[in-house]
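Starting from the known structure of chain X, arrange chains W and U on it as the hints suggest.
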Amino acid sequence: MKLERAATELPAHGWQLLPLRFHRLDADSLVLTNLVGEHVFVTPGELASVVDGTCADQGLLARLRAAHLIQVPGERLPVELLAIKLRTRMRRLPDSTGLHIFVVTLRCEHTCRYCQVSRQSAAKNEFDMTEQTARRALELAFRSPSPHLKIEFQGGEPLLNFPLVRWITAEANRMNKEHGKDLEFVIATNLALLDEEILGFCAGEQIHISTSLDGPQDLHNGNRRRPGRDSWQQAVTGIRRVQERLGADQVSALMTTTEASLGRAAEIIDTYAGLGLRGVFLRPVSPYGFALRGRGGANYDVGRWLEFYAAGLDRIVELNRQGVPMVEMYASIIAKKMLTNADPGYVDLTSPAGIGIGALVYNYDGDIYASDEGRMLAEMGDRTFRLGTVHDSSYADIMLSDALLNPLTESITLSAPMCATCAFEPYCGADPVFHHATMGDFTGHKALSAFCQRNMGVFTLLLRKMRDDPYFRDLMWRWAQ
Amino acid sequence: MLKLIGRADASGLARPVAGDVWRVCLPGDADSDRSAADGDAPASSIACLLRDRQAAPPGYGLYLIAGNEPRTRPEPPRVSGTPGPMLRLGPELAHLDASDIIHVSGDGRRVTVLWKNTARHNALLLTEQCDNYCLMCSQPPKDRDDAWLFDRARKVISLLPQDARALSLTGGEPTLHEDALIGLLEHCQQVAPQLSVHLLSNGRRFADPEFTRRYAGVGLADIMAGIPVYAPEPGLHDFIVQAAGAFNETVHGILNLASLGQAVEIRVVIQRHTVPVLAGLAAFIVRNLPFVAQVALMGLEMTGLARPNAPLVWADPAGYQHELAAAVDILATAGITTRIYNHQLCVLDRRLWPYAVRSISDWKNDYLDICRTCTVRGACGGVFTTSGNRLSQHLRPVP
Amino acid sequence: MSPAGGAAATAAEGTGAAAAGAAEITLVFDQATVDLDALQRAVYAVAAEMTADIRLCGTNYMCTLFPRTKVTFEEELRHRFRAEVNDQILRMRVAKETEPLRNLVFALAFSQTGLVEADAEGPA
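Chains as they are written, first to last, in this note's numbering: chain X, 1 to 481; chain W, 1 to 399; chain U, 1 to 124.
In isolation and in its complexed conformation, chain X is listed as follows:
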């Protein structure tokens, strides 16, 4: 034999480390990640022996080489591949801004406990966006380099200003003849006002409906009050109508976790499953909004939310085993970041943060905000994330403003304390609005940050499950594609 097996194995000190970070999952288990988030599980002893150069486990060394965590000195290929993968992960950065939120009215007939913005006034003129404002906002939106634009109608309850929704859709399509972008429209609505006219319009323009469904009836109605106390029924009826008329793919639901939700994760999932909704997005409500407004729902801590999340995830996995292909959306976003080089484009989990470059919010009055949370913060008196106004700010004014660039710069995880050395940095993102609101600076002290605690909790939960359960590992692989 020309080349013995031993000659292709690694002798002691026969390798060098490639950039890697680690996190302790349990007393006897760590996860190593490379620059682009590929991971390998090791024991503390294994890590020490790999760092020291004494490891004799050729199988482990082979897996580390394949995952670009170690290389033989002089090799160029691992570095070339890491660079290609890194560049691939970042390739959507120049394609700002994908999501444009139009707050067409602040009026709403619901009074949801966790809502920070809606108004109960009946006077249309006070809190409705005008066509003039909308047109100017569209002009700014079309300045974005992104080849895809998602226009999302929010409020209040956007269907209370349906004529403007219709107008903006038509106007955007007209303007797009010149730009040739890929346009997508979404209405975030509580569905109580859905009627045949609106359904017909959505069918014709292929509008996607996003609604709120907090869980079973008592839970949902407890959170989301409206005259008639039938928010849940309205939502469910609306969902079914849209599924029937537009197709199951055209409607999705989001839930907001409140104190009342904790302990009822499985029921919430089952409610979604019962309605044929495939995706569930288990997310917390913005805690700082709560704390400052004191509007019920209480301040549940991250630990309890993580228990809730784990229970919900378990229920979803169980349903999958029974042949019901449900997806937990947060986990699927993280799966993409862990297992592929694709950018899922989720504005709340990117570095730099998605403020401005991922999403822009045009308020009913023409004020422009870097994110929806930034708008809510302004409702509470803090206008830090107001970038300008459609009425006299140019595209350059808003995108090059200090108001945007300062928090953006400070949101880059590769240069934030603790984030820079965190094993999960490739999976995570930044939330300058949250950190500004709770800690007074855009970067925040991550050891004290609920944002960090929550995300670390989810990452470690997912990784442990992937390590210990081949079925879950396969599920994450499916969710990632």
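Any given hint could be a false lead.
[Said to hold, decoys possible] Which residues of chain X face chain U? A partial, calculated answer using Cβ under 7 angstroms: (1) V79; (2) A83; (3) T421; (4) A447.
[What the hints assert, rightly or not] Below, simulated SDA-like cross-link-like pairs (lysine to any residue); rule was C-alpha separation at most 25 angstroms, straight line: (5) X/K336 to U/F110; (6) U/K96 to X/K336; (7) X/K465 to U/D87; (8) X/K2 to W/P276; (9) X/K2 to W/T72; (10) U/K96 to X/R63; (11) U/K96 to X/E46; (12) X/K2 to W/T170; (13) U/K96 to X/S351; (14) W/K3 to W/T72; (15) U/K96 to U/R82; (16) U/K96 to X/L86.
No lab work stands behind these hints: they were computed from the structure.
Predicted, not measured: the structure shown is a model, and the values here were computed from it.
A virtual CB, placed ideally from N, CA and C, is assigned to each residue, including glycine.
Okay, now just chains W and U, sitting in the frame of chain X:
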């Protein structure tokens, strides 16, 4: 199974046969007018195949009397004198037909079929030299000057019928002869641009950006490089191909090809060493080489070096279905076109049947006696005749 | 560089000692084997559980720990802090060793190279 080499009775030859590569035609074929459309095919390259009692039209450089299959035609064809050199073909070549391309030895006594027009796959051997030395190599490298193989291939390509669709170029390692290969590809682009070309290569020469530029510069519309990768890291791959540094060069080569928009197929021979890393290799391909046109997972052909190395490389397919299914799942879920070659359906997990392709070349495939009662024989590629009796212990008819 | 904690530590120190009536929780690190940087990073990382005060005494760093909540087992706090310091030391060692390759990856990622060259001779 088709015989590609056969004897000929050259007793009627007065002198050595003039050319060596010939396209076969029948009397009355469109190109029996030798002066017509075939710009590149001089009269000395078309051979007329005569069957029983057929008159020999004048003007051909060579006449072939069809071989007779003893079972169907006990009497040899009766043909009166021919207006040019004549060979009587032996029974192995009874299958010879129009548009086949053959090589005739100088003395006329040996005929080799280089291109079988009705075959699923046709391959041209370009060299037997190779800079790898795979443990399971079915075409063991020979270190001798065989540049004439390129010349012969060039002639075959010149003679290809208009309806020729696909051609494999194999070795050894074709890229060891850079100029000859580029020249051959350019020739192909000129005379047969519609051809779908499959170049089998270990990919190492493509680590040279200049060579890759030359390759891409030929401008063939449909050419794919089929490149083996046996592990997700150098240690195991280099051992299997018996060449230190091979993995890094091969993957560099794949990256270079991709950066110039060239199609790449990754081929993985499933053998004892690759079974345990199949899933890891699949994940590596998805993460690092997601642009590949397809991945071919291939069963062993137990010939060449695979025979003396059988204890090192043999793995019964029935024993690795779990690993194979895991690898296919990883690739297919990620949207990468995946094919399973050279596996009998009876030893393949049923979930994998949609990925199985009848891939064994006509000239070396066969079925066992037990296959007669198999309900899926028609869809199955059978076994390699070249593997002899080194086959799975678990072959049985599917009920 | 001033030790982490500073003025805040002094106030907390006083409160902690008065409330608990217990001895201070102090750890000693040899300057020869532990970088100040590692200690400071460790203090930063455990901020949710404790604050800490670092002082240089001869050739040692003296770290005084102040738990945020009442601690039943002091030893746990010491273990926690020591473990964090060791992790930070490991991180810094790995970062230092891999810095040239990390820079190379970023340089390649953001450069305009087209084709990939074959392996260079000798160490990277």
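So, going through the hints one by one against the coordinates:
Below 7 angstroms, beta-carbon pairs count as interface contacts, and X/V79 has one with chain U at about 5 angstroms; its hint therefore holds. Evaluation of the X/A83 hint against chain U yields a held restraint, the C-beta minimum of about 4 angstroms falling below 7 angstroms. With its C-beta approaching chain U no nearer than about 5 angstroms, X/T421 sits inside the 7 angstroms limit, and its interface hint holds. The interface hint given for X/A447 is met, as the beta carbon of that residue sits about 4 angstroms from the closest beta carbon of chain U, less than 7 angstroms.
Of the pairs offered as hints, the one joining X/K336 and U/F110 holds, with about 22 angstroms between alpha carbons and a cut-off of 25 angstroms not exceeded. Of the supplied pair hints, the one linking U/K96 and X/K336 is violated, its CA atoms being roughly 30 angstroms apart against a limit of 25 angstroms. Between the alpha carbons of X/K465 and U/D87 the distance comes to roughly 24 angstroms, so the proposed pair stays at or under 25 angstroms and holds. For the suggested pair X/K2 and W/P276, the alpha carbons sit about 23 angstroms apart, so the restraint of at most 25 angstroms is met.
Restraint check: the Cα-Cα separation between X/K2 and W/T72 comes to about 51 angstroms, which exceeds 25 angstroms; the hinted pair is violated. The hinted pair formed by U/K96 and X/R63 meets the criterion: a straight-line CA distance of about 23 angstroms does not exceed 25 angstroms. Restraint check: the Cα-Cα separation between U/K96 and X/E46 comes to about 20 angstroms, which is no more than 25 angstroms; the hinted pair holds. The hinted pair formed by X/K2 and W/T170 meets the criterion: a straight-line CA distance of about 23 angstroms does not exceed 25 angstroms.
A C-alpha spacing of about 24 angstroms is found between U/K96 and X/S351, which places the hinted pair at or below 25 angstroms, so the restraint holds. With a C-alpha separation of about 17 angstroms, the suggested pairing of W/K3 with W/T72 holds against the 25 angstroms cut-off. This hinted pair checks out: U/K96 and U/R82 have alpha carbons roughly 21 angstroms apart, not beyond 25 angstroms. About 21 angstroms separates the Cα atoms of U/K96 and X/L86, which keeps this hinted pair within 25 angstroms; it holds.
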